[in-house]
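Enquirer: Position chain R against the provided structure of chain Y, taking the given hints into account.
Those protein sequence lines, which keep their order, are chains Y and R. The numbers in the working numbering rise by one with no breaks, and the one at position 227 of the first sequence is 227. The numbers in the working numbering rise by one with no breaks, and the one at position 101 of the second sequence is 101.
The set of hints was computed from the structure by calculation and includes no laboratory data. All values derive from a computational prediction rather than experimental measurement. Backbone N, C-alpha and C fix where the C-beta goes; we use that ideal spot for every residue, glycine too. Each hint can be trusted.
Covered stretches of chain Y (in silico footprint by chain R; criterion: 3 or more residues with CB under 8 Å from a CB of chain R, positions within the stretch not fixed): (1) 41 to 50; (2) 180 to 192.
Non-contacting residues of chain R with respect to chain Y, defined by C-beta distances greater than 10 Å in every case (computed): (3) Val20; (4) Gly82; (5) Pro85; (6) Pro86; (7) Lys88; (8) Gly105; (9) Phe106; (10) Pro123; (11) Gly142; (12) Tyr164.
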Amino acid sequence: MYIPKNLNDALEYLDRHAPDAIPLAGGTDLLIQIREGKIRPKVLVDLSGLKSELAYVKKVNGNIVIGALTTPNDLAKTFLHKDPKYLGFLDVYKRFASPILRSLATIGGNIGVAVSASDYLTLLLTLNAKVKLVSVEGERTVPLEELVVEKRTLAKDPNELIREIIFPELPENYSTAFMKLDRREIIITGYVTVATCLQLKDGKITDVRIAFDRVNKRIPGRARKTEEFLKGKEFSLEVIRQAYNEVLPTEMVRKSDFRASGEYRMDLSKVLMKRVLLKAKSRIEGGA
Amino acid sequence: MEEYPDIEITLNVNGKDYTVKVKPYERLIDVLRYKLGFTSVKEGCGRGECGTCAVIMDGELVASCMVLAVQARGKKILTLEGLAPPGKLHAIQKALLDTFAMQCGFCFPGVIMAMKHLLDKNPNPTEEEIKEALSGNLCRCGSYLRFIKAAKLAAEYIRKGQVYFEFKG
Numbered sequence: 001m002y003i004p005k006n007l008n009d010a011l012e013y014l015d016r017h018a019p020d021a022i023p024l025a026g027g028t029d030l031l032i033q034i035r036e037g038k039i040r041p042k043v044l045v046d047l048s049g050l051k052s053e054l055a056y057v058k059k060v061n062g063n064i065v066i067g068a069l070t071t072p073n074d075l076a077k078t079f080l081h082k083d084p085k086y087l088g089f090l091d092v093y094k095r096f097a098s099p100i101l102r103s104l105a106t107i108g109g110n111i112g113v114a115v116s117a118s119d120y121l122t123l124l125l126t127l128n129a130k131v132k133l134v135s136v137e138g139e140r141t142v143p144l145e146e147l148v149v150e151k152r153t154l155a156k157d158p159n160e161l162i163r164e165i166i167f168p169e170l171p172e173n174y175s176t177a178f179m180k181l182d183r184r185e186i187i188i189t190g191y192v193t194v195a196t197c198l199q200l201k202d203g204k205i206t207d208v209r210i211a212f213d214r215v216n217k218r219i220p221g222r223a224r225k226t227e228e229f230l231k232g233k234e235f236s237l238e239v240i241r242q243a244y245n246e247v248l249p250t251e252m253v254r255k256s257d258f259r260a261s262g263e264y265r266m267d268l269s270k271v272l273m274k275r276v277l278l279k280a281k282s283r284i285e286g287g288a
Numbered sequence: 001m002e003e004y005p006d007i008e009i010t011l012n013v014n015g016k017d018y019t020v021k022v023k024p025y026e027r028l029i030d031v032l033r034y035k036l037g038f039t040s041v042k043e044g045c046g047r048g049e050c051g052t053c054a055v056i057m058d059g060e061l062v063a064s065c066m067v068l069a070v071q072a073r074g075k076k077i078l079t080l081e082g083l084a085p086p087g088k089l090h091a092i093q094k095a096l097l098d099t100f101a102m103q104c105g106f107c108f109p110g111v112i113m114a115m116k117h118l119l120d121k122n123p124n125p126t127e128e129e130i131k132e133a134l135s136g137n138l139c140r141c142g143s144y145l146r147f148i149k150a151a152k153l154a155a156e157y158i159r160k161g162q163v164y165f166e167f168k169g
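Excised from the complex, chain Y in its bound form (with noise of 0.2 Å):
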């Protein structure tokens, strides 16, 4: 265990010593793969100390800028959780892991972590969030989208650290939404999760952006050609039919495992994604 006395300091440490010494965020997933033997890191770099420089929410230039130890407790306290545009926060807190999780993880592990019930990671790419990484030779930003590239395979070395997260602030007539079912409605890992972010003017989509926590790979990812069909569209029930019965599964692979069949799991993404995308509708035009 190594416990730096600031982010510098860490740095430097991993510079030294990555891959054998291994960042230590919240935990909530380190300490499991550990346990269950998966990883068997030489040294735990304790990020915990760094919370004070590393845990914000603040608005600079026309972005949104979220420091990576951030936990989903410290989001409920901004913003994020009120302002009508960015209410997919609320969404995804709502079930994420449980009470005593959600006052540990943070932000910055969920992208890392990278599986598809990285929630957060689901939403944030419907934002066009790009990942700001740090090491000793530097800072360099790059799409969170480029950043996660397989199922806990982030494309960053090992001694960078993920220092924040950037996206836009959003413009008028635009909203956010995430849901997540499962048998539960908390502590689960969803049979499908969907994000979305929309914007609507009279009635028409401007523009529309949908993850899911699988498209085609083992990572949450964009559904885009059924973005691209849904554009400049009218928002009504028939084109969303449209764009989810004829589109979507063009893109889409479900597979089957012990919590669900692939074919349960393709259905169920048509119907959260219409659910979804009315609830940014609704949302828009001044509801929940």
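Expert: Positioned in the frame of chain Y, the structure of chain R alone reads:
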């Protein structure tokens, strides 16, 4: 395999400072139970799912099996032992007894801490808020409905200023 060296940390548990030597892989629950003797903290699943190890750390409800002891250095921790003065019952404990909520009781330490965390922030919670606050605490006996009753009753006691009760055994 070479053993890791000890790390000395200071924890404040139930208002008292303790300086202990811990291994880097020891969890908060291990130190609370086996080094400091706070055995109210129970281990259920050991992976943050069941809630029976919940304690309040710096005002936040956390799973003590998902925190390494080292990460809790310098933090203020409240366990069930610190809820009421010796020999007294806290309103939450009294309410749980009054509603006959206990069956096996293994989940109680976590449930009580979750209720305490809720009532500290929200002295008059709705049924929905109680359900949400207790949603991370599994009870295999299925006493959930009585937990809701008890939380309402405890809130009422506390609002009336009755925080501690005599324990009559």
